[in-house]
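Visitor: Between the sequences and the hints, there should be enough to build the whole structure, so can you do that?
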Amino acid sequence: MEAREAYHSLIVIAMAEVVGPQMEGFSRVMRHIAARKYNYTFGAFELIDPISLAYYEAVILFAHSINKISNSPNANIYDVKKQLTNMRNVTIKSELGSDIAIGSNGDRMVLYNIKQFVDNSNNPETIMRMDFAKSKFIWMGSFSWPSQKKPGSFVSQLPPDVPPCGFSGTECAPSSESLKTVAAVGTTVPLITIFVALAALYHVYGKLKKDHDPYWWRYYSNELELPANNVAPSAVSFSSFRNRTDTGQTMSTMAPSMSGWTACNLRGNQVSARTVSAQQCKVSSELVMDFNKGL
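Each residue of the sequence shown is one higher than the last, beginning at 1 in full-length UniProt numbering.
Hints are supplied without guarantee of correctness; some may be wrong.
Taking lysine-lysine pairs in the DSSO-like style, the calculated list, with each CA pair at most 27 Å apart, reads [as the list claims (entries may be wrong)]: (1) K37 <-> K68; (2) K115 <-> K150; (3) K93 <-> K134; (4) K149 <-> K134; (5) K149 <-> K93; (6) K136 <-> K115; (7) K93 <-> K82; (8) K81 <-> K93; (9) K115 <-> K81; (10) K82 <-> K68; (11) K115 <-> K149.
DEER-style ranges, computed between Cβ atoms [as the list claims (entries may be wrong)]: (12) Y7 <-> A197: 54 to 60 Å; (13) S168 <-> R28: 28 to 34 Å; (14) F42 <-> C172: 47 to 53 Å; (15) V29 <-> P163: 42 to 48 Å; (16) N76 <-> L47: 40 to 46 Å; (17) V90 <-> I33: 26 to 32 Å; (18) P160 <-> N39: 45 to 51 Å; (19) F154 <-> N67: 25 to 31 Å.
Note that these hints are calculated values from the structure, not bench results.
Positions of the beta carbon are idealized from the N, C-alpha and C atoms, including for glycine.
Guide: What follows is the structure, given as structure tokens:
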């Protein structure tokens, strides 16, 4: 079905049939050459295609241009620009007696038929005739185009010169539906991005929170290295982390002789510790914040 519709969409532009003594004489010569050189015999009602006459007359037109250049001063028959100039806006007589007329834009001033394949016919029918000599169109029928809305049916309206969305199919103005789709996508994508970013932050925060020990400030008494004759306190609190250096050593500002405090080592750092009762060493958010300020 699609192939048949495409076949019906073809337009054939052909030269109109030439009727006259010049075409009859040319046809006799063509039949003779076909039989003698190519062993081909035309049928009784088989006509010579007028395009064959156009090829013959094109050679005559070219010869006329070269001859005109040769007869001019400082002639250069290889000057293509001059050759083409001589082939425009000119009318010469063919050896067959017909006129070879070329317009200013290089078009042949003859009749052209616009044909179309109709129904199941294998021969195109003439729908329009273009007369370049008189600059007019002669309608001889109506076009029949496959309908885009109703497959299998045909319409007589001519299609536009340019498809609605251009030949590339990408030049359509966005419809209201497409604008809504773009707006929806433009709103959804940022929301999804924000959601993914928040989920990633929550995941990282949860992992860091899991890996972080909230009691980083708490050490056990058996980790203290006390001087001789000193006994490790049962519970300890530290106040000498404020001046930790890059080498891991601590220069405590708390004097070892301070009342109630004992100088000792903790993991290679010099600290001061003292024994306090459970009532005096109550873990609270204020205490943790005080330790954080000390770092």
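Visitor: All the hints need checking, so say for each whether the structure fits it.
Guide: Going through the hints against the structure:
1. Restraint check for K37 and K68: the C-alpha separation of about 33 Å exceeds 27 Å, so the hint is violated.
2. For the proposed pair K115 and K150, the alpha carbon gap of about 24 Å is at most 27 Å, so the pair holds.
3. Taken as a hint, the K93 and K134 pair is honoured in the structure, with Cα atoms around 19 Å apart against an allowance of 27 Å.
4. For the hint pairing K149 with K134, the CA-to-CA distance comes to about 38 Å; that exceeds 27 Å, so the pair is violated.
5. Distance check on the hinted pair: K149 and K93 sit about 51 Å apart at the alpha-carbon level, beyond 27 Å; violated.
6. Restraint check for K136 and K115: satisfied, since their Cα atoms lie roughly 17 Å apart, inside the 27 Å limit.
7. Proximity of K93 to K82 is assessed by CA-CA distance (about 21 Å); at most 27 Å being required, the pair is judged to hold.
8. Proposed proximity of K81 and K93 is supported: the alpha carbons are some 23 Å apart, at most 27 Å.
9. For the hint linking K115 to K81, the alpha-carbon distance of about 34 Å lies beyond 27 Å, and the restraint is violated.
10. Restraint check for K82 and K68: the C-alpha separation of about 10 Å stays at or below 27 Å, so the hint holds.
11. Restraint check for K115 and K149: satisfied, since their Cα atoms lie roughly 24 Å apart, inside the 27 Å limit.
12. A hinted range of 54 to 60 Å for the beta carbons of Y7 and A197 is consistent with their spacing of about 58 Å.
13. A hinted range of 28 to 34 Å for the beta carbons of S168 and R28 is inconsistent with their spacing of about 51 Å.
14. Separated by about 52 Å at the C-beta atoms, F42 and C172 satisfy the suggested range of 47 to 53 Å.
15. Between V29 and P163 the beta carbon distance is about 46 Å. The supplied range of 42 to 48 Å therefore holds.
16. Taking the beta carbon of each, N76 and L47 are about 42 Å apart, inside 40 to 46 Å as hinted.
17. As the Cβ distance of V90 to I33 is approximately 28 Å, the hint placing it in 26 to 32 Å holds.
18. The given range of 45 to 51 Å is respected by P160 and N39, whose C-beta atoms sit roughly 49 Å from each other.
19. The hinted range of 25 to 31 Å is not satisfied by F154 and N67, whose Cβ atoms lie roughly 51 Å apart.
In this structure, the earlier hints numbered 1, 4, 5, 9, 13, 19 are contradicted, and the remaining ones agree with it.
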